[in-house]
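Generate coordinates for the entire structure from the input sequences, incorporating the hints supplied.
Numbering (our numbering), first residue to last: 623 to 1354.
Just to be clear, a hint being listed does not mean it is correct.
[Stated by the list, open to error] Distance condition first, Cα-Cα at most 20 angstroms in a straight line; then the derived SDA-like pairs of lysine to any residue:
#1 1341 / 1283
#2 1341 / 1328
#3 1341 / 1311
#4 1341 / 1244
#5 1271 / 1241
#6 1271 / 1243
#7 1271 / 1247
If you're looking for bench data, these hints aren't it; they were derived computationally from the structure.
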Amino acid sequence: MTDPVFSDDEGAARPLRRRTVLGWLAVTVAAIWVAALSWTARGAMATMSPLELAQFGAAAATVPTLAGIIWLLALRTSDAEARRFGATARAMRSESLALEGAVAALGDEIEERRTALAEQVRLLTALGDAATARLTAIGQDLSTEIARADAHARALSNATGHAAEQLDALLAALPRATDETRTLAATIDQAGLVAYEHSAALDAQVAALAARGREAESVAGGAAEKLAAYMQRMEATSATAGLRLEGVTSDAAVAVDALLERTAVAIDESRKGIVAQGEAMLAMVTASQQALDHAARGSAEALSERIALVEVVIERIAARLDAQRGAGEMLFSTLDDAIDQAATRFETLHADGTERSRQLAATISALQASTEALIAAMDSGNGTAERTIATTEHLLVALDAAAREMDETMPDAIARLESRVGSTKQVIVAAKPELLALVTAAESTHDAIEAVAQVVAEQRQTVETLTARLSEGLERGRAQAGLIGDAVEDATRRADDLAEEAAPRLLEALLRVRETAAAAAEHAREALARVIPEAADALESAGVKALERAVESGVQQQVEQVARISETAVVAASRAGERLQTQLDGIEATIALIDRRLEEARTATEENERDTFARRASLLIESLNSASIDLTRTFAPEISDSAWAAYLKGDRGVFTRRAVRLLDGSEQRDVARLYDEDGNFREQVNRYIHDFEAMLRTILAQPDASPLGVTLLSSDMGKLYVALAQAIERLR
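What follows is the structure, given as structure tokens:
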């Protein structure tokens, strides 16, 4: 910071006025002295000899000379030197403000990058939550569709059970039909006996009886054929089939009764002709009975076989439905597990990302605070050092000027004094008052010279004290800079580690989520594509075939109901498949969006790594150039002003090149000894080697790093690194 005494024009004008007043005061004193001396010797000046005039002139010039010396010494004060470098202090303040602006811009950029990283984490978390919600919705929709399919299967099972009940009722009605058939056979037997008893009356009606017998046979055959036809269609009949069978049986009984009545009438009318044909009639009736019994037994056996086949088909359908239900439950269990696992991974990823962001924010805040403290310390140390250096330089200039002036003036004065002493020895006795005055003036001059020497010694001591303080301040600043550099490197390394660890973990987690979602979607698609068509086809074919075989006409309404149920199940399955396909398309779109986000995140990460690499490389190069200055001072303590001027103009590698030139064969042999004996030199060499190897590792970690590594090793910094490493036997 600049001293407030020199911060305005009024403070700078006061020393100028004081210097002017002192100048005029010296002139006034000299004039008064000359005037007083002239006034004192006004009467004797006309009669003075040349020697006396010379003595008078020497006496008159003594006081003006002393006044001029005092005025020159007054010009070389610390205030004057401070005024000369006030502009330099103001320039340094402007540079400090510019540096603060650059650091503030750097902090803003870091804050923007942190905000962008937090936004990316938030977007990825939102995408994960959306994907989880979509998968949950898909699972719920699949559960709903499976529940609907299960309901349709239960309805179909109920319809099948109802058909089985109707078949059971039909089977229960078969014994009654058998009993009625047996009753009919007994009635026919009794009619045959009556016909045999009245065979005599049937002689005249043989032809009519034969015709009636054929008619009865045709009626019985038609009834048997109808019964067989009805038996073949028993798989599709229900209570209506039983009723129709009862109706057919009743019709057959009525027809037989009517036939018996007509036969009795015919027997009564043709009793005479029936005796001859009784046996033939009995044989025909017996054959008809056997045919009827055989047809009834065949129909019953065929019906039993068909019923058994229907039961087997129903059991197979039930087993397949159970298997499909188990597969559906397993599928939904797998989907639930995958969704839970994805949700768990998203939660873990969110927690890790939040924690990493919090750690990064804390590190950036600490880095910013350390940077601000470093800037403040560097500003303070820089200002103090510059003021001290400027004051020291001006004091040295003033001392050199005073010494040169004394060297230039004192020999001439002493020579003149000696010549005058030789010429005035003859008149010493006559000029005792003037001699006493000259001795007094010489003593005064000697006292003034001693005072000047004392002032010079005090200024030299002050300069030495300021130099020591400056060295201590520079050491503290260097130590603080080293600590801040370590903190910056640590923070950078942590940020790089965070970017290198969080980005691959985030990418891996998102890839696993995408693979899990794709596998679950593919599994669901395959399972539904396999289950729904097979179940629909099996249900439709088995239901249609079984119901067509079991019930064709009697349970037509139930068949239509089952068909509607099957169609509803097929439509529901189709809708479920379409909805699932739509949801799978949504999942694929989400996966594509996640891929784009991953690509954008990967691109941003690569750009951030490139920016980080550039910043780290610049910091390491700056650190290497700073370390080369210390190494150059070790080998050559005297540094020329041209080197400093080139360094201040931007040529940061001037000291590195000089250090490489200084490390020739003989000095390189002494580096190991100096490295072992001098701790400060050992610390500087270790720091340079550490920084160079850190930059080399950073470069080699980049793609296509071989040309950059070769270029770095062939540069001045690389040559200095190789020379130092070989000198301390690090590369052997």
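Numbers of the earlier hints that this structure fails to satisfy, in rising order
none
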